[in-house]
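Trainee: For the sequence shown, the working numbering begins at 8 and goes up steadily by one.
Calculated directly from the structure, the hints in this document are not laboratory data. It should be emphasised that the depicted structure is a prediction, and the values quoted were computed from it without experimental measurement. Even glycine gets a Cβ: it sits at the ideal position worked out from N, Cα and C. One should not assume that every hint holds.
As the list claims (entries may be wrong) - Dumping the calculated SDA-like pairs for lysine to any residue here, alpha-carbon to alpha-carbon at most 25 Å: (1) Lys115 / Arg104; (2) Lys112 / Glu99; (3) Lys85 / Ser71; (4) Lys112 / Glu122.
What the hints assert, rightly or not - Per label pair, the in silico range of CB-to-CB distance: (5) Arg117 / Gln91: 36 to 42 Å; (6) Thr24 / Leu68: 15 to 21 Å; (7) Ile17 / His96: 52 to 58 Å; (8) Gly130 / Asp105: 36 to 42 Å; (9) Glu95 / Asn124: 40 to 46 Å; (10) Met120 / Ser81: 54 to 60 Å; (11) Leu89 / Gly53: 51 to 57 Å; (12) Glu23 / Val43: 25 to 31 Å; (13) Ile100 / Leu33: 48 to 54 Å; (14) Asp98 / Glu27: 45 to 51 Å; (15) Arg111 / Leu90: 28 to 34 Å; (16) Ser123 / His96: 39 to 45 Å.
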Amino acid sequence: MSPVTASLDIEKIIEETDEETLKEILPQIAFCQPDVEFDHNRTDPGFRKVFRLGQLIIEHLIQSQEMMLERSSSVETKYSALLQQNKEHQDEIQRLRDRLLDARKELKRRKEMIESNQNELMGGAQNKDEYDQVRKPNHVRTN
8 MSPVTASLDI
18 EKIIEETDEE
28 TLKEILPQIA
38 FCQPDVEFDH
48 NRTDPGFRKV
58 FRLGQLIIEH
68 LIQSQEMMLE
78 RSSSVETKYS
88 ALLQQNKEHQ
98 DEIQRLRDRL
108 LDARKELKRR
118 KEMIESNQNE
128 LMGGAQNKDE
138 YDQVRKPNHV
148 RTN
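From just these sequences and the hints, can you work out the full model?
Mentor: Dropping the structure here:
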């Protein structure tokens, strides 16, 4: 056994759920050579196969973890970009709402102005008719 595995207190790791120690020795176990770690003559061939299979599983899990971290980072980057895009769209929507509100106010103001002008013209026309009737002789009046 290598000095690393020989000095480990497995029971203590299990009792305390010592994740830090496990993280530290994981690469050493995953990438060690079983022939160097274990005496080939004293170790059961079935155990060596199981140990090697465990190493392959650990390697796969490490690669999967790295791939997931990369994807997670990519997703976070895309998410941040989408948040920024969403904020820009919300700002544009607000600008458009403000412009629409201003346009509605201007439309209302112009409608009121047109209505006022029409009333003045109509009122002026009625006053002109009355004025003309007063000034014209009776025989010329038209109703």
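Trainee: Decide, hint by hint, whether the structure agrees.
Mentor: Right, here's what the structure says about each hint:
1. Lys115 / Arg104: holds, 16 Å
2. Lys112 / Glu99: It holds: about 20 Å lies between the C-alpha atoms, which stays within 25 Å.
3. Lys85 / Ser71: Holds: lysine 85 and serine 71 sit about 21 Å apart, inside 25 Å.
4. Lys112 / Glu122: Holds, because 15 Å separates the two Cα atoms, which is no more than 25 Å.
5. Arg117 / Gln91: 36 to 42 Å: holds, 39 Å
6. Thr24 / Leu68: 15 to 21 Å: holds, 18 Å
7. Ile17 / His96: 52 to 58 Å: holds, 57 Å
8. Gly130 / Asp105: 36 to 42 Å: holds, 37 Å
9. Glu95 / Asn124: 40 to 46 Å: Distance hint for glutamate 95, asparagine 124 holds at roughly 43 Å.
10. Met120 / Ser81: 54 to 60 Å: holds, 58 Å
11. Leu89 / Gly53: 51 to 57 Å: Hint holds: Cβ distance 52 Å, inside 51 to 57 Å.
12. Glu23 / Val43: 25 to 31 Å: Cβ of glutamate 23 to Cβ of valine 43: about 29 Å, so the range 25 to 31 Å holds.
13. Ile100 / Leu33: 48 to 54 Å: holds, 51 Å
14. Asp98 / Glu27: 45 to 51 Å: holds, 47 Å
15. Arg111 / Leu90: 28 to 34 Å: holds, 31 Å
16. Ser123 / His96: 39 to 45 Å: holds, 40 Å
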